[in-house]
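Colleague: If you read the sequences in order, they're chains A and B. Residue 1 is where the first sequence starts when you use this note's numbering, and the numbers rise one by one after that. Residue 1001 is where the second sequence starts when you use this note's numbering, and the numbers rise one by one after that.
Just so you know, not all the hints are guaranteed correct.
[Claimed, not checked] Think about it this way: if two alpha-carbon atoms lie no more than 25 Å apart in a straight line, the pair counts; the simulated SDA-like pairs of lysine to any residue are:
no.: 1; chain 1: A; residue 1: K95; chain 2: B; residue 2: M1312
no.: 2; chain 1: A; residue 1: K98; chain 2: B; residue 2: P1043
no.: 3; chain 1: A; residue 1: K119; chain 2: B; residue 2: P1183
no.: 4; chain 1: A; residue 1: K95; chain 2: B; residue 2: A1306
no.: 5; chain 1: A; residue 1: K119; chain 2: B; residue 2: W1184
no.: 6; chain 1: A; residue 1: K119; chain 2: B; residue 2: L1044
no.: 7; chain 1: A; residue 1: K197; chain 2: B; residue 2: S1173
no.: 8; chain 1: A; residue 1: K95; chain 2: B; residue 2: I1042
no.: 9; chain 1: A; residue 1: K221; chain 2: B; residue 2: Q1160
no.: 10; chain 1: A; residue 1: K98; chain 2: B; residue 2: A1306
no.: 11; chain 1: A; residue 1: K228; chain 2: B; residue 2: D1155
no.: 12; chain 1: A; residue 1: K74; chain 2: B; residue 2: G1050
no.: 13; chain 1: A; residue 1: K95; chain 2: B; residue 2: D1187
no.: 14; chain 1: A; residue 1: K316; chain 2: B; residue 2: A1333
no.: 15; chain 1: A; residue 1: K194; chain 2: B; residue 2: I1157
no.: 16; chain 1: A; residue 1: K98; chain 2: B; residue 2: V1302
no.: 17; chain 1: A; residue 1: K221; chain 2: B; residue 2: D1155
no.: 18; chain 1: A; residue 1: K138; chain 2: B; residue 2: F1099
no.: 19; chain 1: B; residue 1: K1180; chain 2: A; residue 2: D120
no.: 20; chain 1: A; residue 1: K98; chain 2: A; residue 2: N63
no.: 21; chain 1: A; residue 1: K119; chain 2: B; residue 2: G1182
no.: 22; chain 1: A; residue 1: K407; chain 2: A; residue 2: N135
no.: 23; chain 1: A; residue 1: K74; chain 2: B; residue 2: M1312
no.: 24; chain 1: A; residue 1: K119; chain 2: B; residue 2: D1187
no.: 25; chain 1: A; residue 1: K119; chain 2: B; residue 2: L1097
no.: 26; chain 1: A; residue 1: K138; chain 2: B; residue 2: I1165
no.: 27; chain 1: A; residue 1: K98; chain 2: B; residue 2: Q1313
no.: 28; chain 1: A; residue 1: K221; chain 2: B; residue 2: I1157
no.: 29; chain 1: A; residue 1: K119; chain 2: B; residue 2: P1043
no.: 30; chain 1: A; residue 1: K119; chain 2: B; residue 2: D1047
no.: 31; chain 1: A; residue 1: K300; chain 2: A; residue 2: G311
no.: 32; chain 1: A; residue 1: K306; chain 2: B; residue 2: I1311
No lab work stands behind these hints, which were simulated from the structure alone.
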Amino acid sequence: MSIQSRGTKGFAFLFAVALIFGFSSWAGAAQINIGALNDMTGATSDVGKDYALGIAEAFHYINDTGGINGKQIKLYQFDYGYRIPEALTKYKLFKRLKCVAIQGWGTGDTEALAPTVAKDQIPYVSASYSGHLTNPEKTPYNLFISADYSTQSRGLITAWYDNKWPKKADYGKRKPRIAMCYMFASPFSSASIKAAKDQAEMLGFEIGDDQDVSLFAIDTKSQILALKEFKPDVVLHTNTVMSVAATLRDAYSLGLGADHIIKNWGFDENLPKLAGEAAEGAMGCAPWAFFGEDVPMMDKVVEYAKKYNPGVPLEKRTIHTVQAWANVLGMAEALKRADAAGDLSGPSILKNGFETMRDFTIGLGVAPITFTSEDHRALSIARVYEYTQGEFKLLDTVDLQKRWPEKYAKEWIGW
Amino acid sequence: MSTTWLPCGKYHETYAQDHAWWQTTFIRGKMIALFAVLFVGIPLLADDYGLSICNNVGYTVLGALGVQLLIGYCGQITLGHAAFLAVGAYTSTLMILEFPWPQALLDWGLAYPISILVAAVVAGIWSVFFGLPSAKVKGFYLILTTMAAQFITVDFIITQYVSQIGGRGQAFSLPVGTIKVGPWVIDSDLKVYFMMLVLSILLIAVLVNLLRSRVGRAWVAIRDNDISASVMGINVFGYKLLAFFVAGFIGGIAGAFWISNLAAISPEHFPWSWSLWLVGVILIGGVGSIHGTVFGSIFMVVVIEALQLVIMQFVDTSWGSRLFMDFLFVKEAAFGLVICAFMIFEPNGIAYRWWQAKNYFNLWPFSY
Chain A
1 MSIQSRGTKG FAFLFAVALI FGFSSWAGAA QINIGALNDM TGATSDVGKD YALGIAEAFH
61 YINDTGGING KQIKLYQFDY GYRIPEALTK YKLFKRLKCV AIQGWGTGDT EALAPTVAKD
121 QIPYVSASYS GHLTNPEKTP YNLFISADYS TQSRGLITAW YDNKWPKKAD YGKRKPRIAM
181 CYMFASPFSS ASIKAAKDQA EMLGFEIGDD QDVSLFAIDT KSQILALKEF KPDVVLHTNT
241 VMSVAATLRD AYSLGLGADH IIKNWGFDEN LPKLAGEAAE GAMGCAPWAF FGEDVPMMDK
301 VVEYAKKYNP GVPLEKRTIH TVQAWANVLG MAEALKRADA AGDLSGPSIL KNGFETMRDF
361 TIGLGVAPIT FTSEDHRALS IARVYEYTQG EFKLLDTVDL QKRWPEKYAK EWIGW
Chain B
1001 MSTTWLPCGK YHETYAQDHA WWQTTFIRGK MIALFAVLFV GIPLLADDYG LSICNNVGYT
1061 VLGALGVQLL IGYCGQITLG HAAFLAVGAY TSTLMILEFP WPQALLDWGL AYPISILVAA
1121 VVAGIWSVFF GLPSAKVKGF YLILTTMAAQ FITVDFIITQ YVSQIGGRGQ AFSLPVGTIK
1181 VGPWVIDSDL KVYFMMLVLS ILLIAVLVNL LRSRVGRAWV AIRDNDISAS VMGINVFGYK
1241 LLAFFVAGFI GGIAGAFWIS NLAAISPEHF PWSWSLWLVG VILIGGVGSI HGTVFGSIFM
1301 VVVIEALQLV IMQFVDTSWG SRLFMDFLFV KEAAFGLVIC AFMIFEPNGI AYRWWQAKNY
1361 FNLWPFSY
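Please model the complete structure; the sequences and the hints are all you need to start from.
Modeller: Quick look at the structure:
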């Protein structure tokens, strides 16, 4: 038998198995199907893999602790490699599998899918925390258990302005200067830039030219040299951790002399490992506790990490696992409430589930979450940490709703 | 390779017969059956997921046709084709969102079809611009100049300037109802499927006809030996630019079609890796074969889906979840391996196998 014919037969076998199993209906009697779309091999896999592990572990925990009022969850988890065409196809597969809700991932595909999700009325809990997804009038079925990127960026700028700027030599003599580093082409990276600039203008910053830093960047010297002409006091980073670390390293070696404030996906346990000394003093937003921190529910996170992925050492696990748990626990609570109301349809999960949560606490260091039918911003609080002397220390907590109630309620939703 | 061997005892007597699309009754029957499957069978049997896979295949076919023309028929290696898809997608989107259409055209559902045509022409002209270096360079050097198309078009012009039009930032969103062809609002997978099917068939027919003409023969002559082609009196540079125009034109249509499936676009949807992917499609399908473009597209899309569905069955087992995690990385490597394997064991791609199988049955029982 030739190699080709063996290969053909092997492929035919695999395809036949796929046809037999894949194209059949999966809905079981006491089973709730959930889809999960993750990036474990694509552009955002540096943070996506840990998140994906967390999703699977958290659903194991839900099932081990009684499921959804006795019903077990069947999780269909896929890696789509951050390829948006593949994300669309997988979404259709979730519909076929009768998934009642979906755990999604990136901003690009989540925003692209938002109109479809709204039409199909399937709650879509994403790891994209884009502010564009928080207005129920536009994206009624998009949700997440986190401070959105815009809230994070506003909180970071405010925390730096409150805590760091007064200590600078030029304080009171001139306006503080801010610049922003992100991948222009990425909806994820650029999602909160408009809000960040709005906040900076409101606080009286001078804003420098944006710097285009790829999510894959390993050398950002040209961007740092461009920044040096502007002499920023602080730089906002909205990329994922690898490119943020590269930027911090170059800023350090070229003596930029600015502080760094970083959106959640660029601020994790890997940052000091990748950036070394350059990470000292970096500030970042973390709506959840770091992996292993002493907060409620963290013991379960660690236990399930050990139990289901023993091959991944605990010291390599990150805050992204905790993020995944937060999204899963929030979704599970919504499912329980909808199930108790006797209806596990998409609209019921939204109305009887998520939108009934008022100051609901899931643990994991997450502030109490609230969803209403008018506002899908779960948190108005940005928890800002500082990495100093080898530790992540909570620096400040900025509650935008308390500080700017009018603007938060009326102006800042949805962008 | 594209020659069809006729059954024993059948001979062509005219040039028209020799160049006919469907040369025998059996082939005509086969094609009618194929059209029946495409236009009736799949829409009836496939659900949204199945249609979504078909639409992905169609998008890949539309994208890869231009690459096939450039590499497979004209010998101009390109690694920047995603840029022309992006030009098409953005031109069409901007026209729909920003152009002051007369109400009558909107009512008749002509805005989107017209935008597709304009997108195709703009992408074609843009492609010609990046084909200009082909007058002086070829091979690896041409690869680099076509790669520049990606960086200049997507990473610079579209990202920095075009995306900012209308203050939308990075993602253009097309409101429901704006993608309309005649009386049909393209708002479901089925409608996207039919549109994909019509566009694919139309473009394949146009391209095949073009390849059978003097233009096509000139392209093939340039591919085989550009110096000989020049000696024969072929305007090598002119025909190369024409190839770039047609490839860009088709790419523009592909991009403009794709927005009907997405309803939103951003520069992120047209990464450089997609250009590489399209080259992989024609390498696996068969370089210099329109069949190969279709087979390669089916292979690249369906195999990934099939493998994931297979793996999905075992995720609940203790070894299965581990397999799932490991498989992710194997999957990426597997694609590289598949391309290598095709280069080594079947350099003519799947299309060659199809040709062998077809002729086996055409010549049966004397297919030795």
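Colleague: Run every hint past the structure and note whether it holds.
Modeller: Each hint tested on the structure:
no.	hint	in the structure
1	A:K95 / B:M1312	16 Å, holds
2	A:K98 / B:P1043	20 Å, holds
3	A:K119 / B:P1183	21 Å, holds
4	A:K95 / B:A1306	17 Å, holds
5	A:K119 / B:W1184	18 Å, holds
6	A:K119 / B:L1044	22 Å, holds
7	A:K197 / B:S1173	22 Å, holds
8	A:K95 / B:I1042	18 Å, holds
9	A:K221 / B:Q1160	20 Å, holds
10	A:K98 / B:A1306	19 Å, holds
11	A:K228 / B:D1155	23 Å, holds
12	A:K74 / B:G1050	22 Å, holds
13	A:K95 / B:D1187	16 Å, holds
14	A:K316 / B:A1333	24 Å, holds
15	A:K194 / B:I1157	20 Å, holds
16	A:K98 / B:V1302	21 Å, holds
17	A:K221 / B:D1155	18 Å, holds
18	A:K138 / B:F1099	24 Å, holds
19	B:K1180 / A:D120	20 Å, holds
20	A:K98 / A:N63	19 Å, holds
21	A:K119 / B:G1182	23 Å, holds
22	A:K407 / A:N135	15 Å, holds
23	A:K74 / B:M1312	11 Å, holds
24	A:K119 / B:D1187	10 Å, holds
25	A:K119 / B:L1097	21 Å, holds
26	A:K138 / B:I1165	21 Å, holds
27	A:K98 / B:Q1313	16 Å, holds
28	A:K221 / B:I1157	22 Å, holds
29	A:K119 / B:P1043	21 Å, holds
30	A:K119 / B:D1047	17 Å, holds
31	A:K300 / A:G311	18 Å, holds
32	A:K306 / B:I1311	23 Å, holds
Checked against the numbered hints above, the structure breaks none of them.
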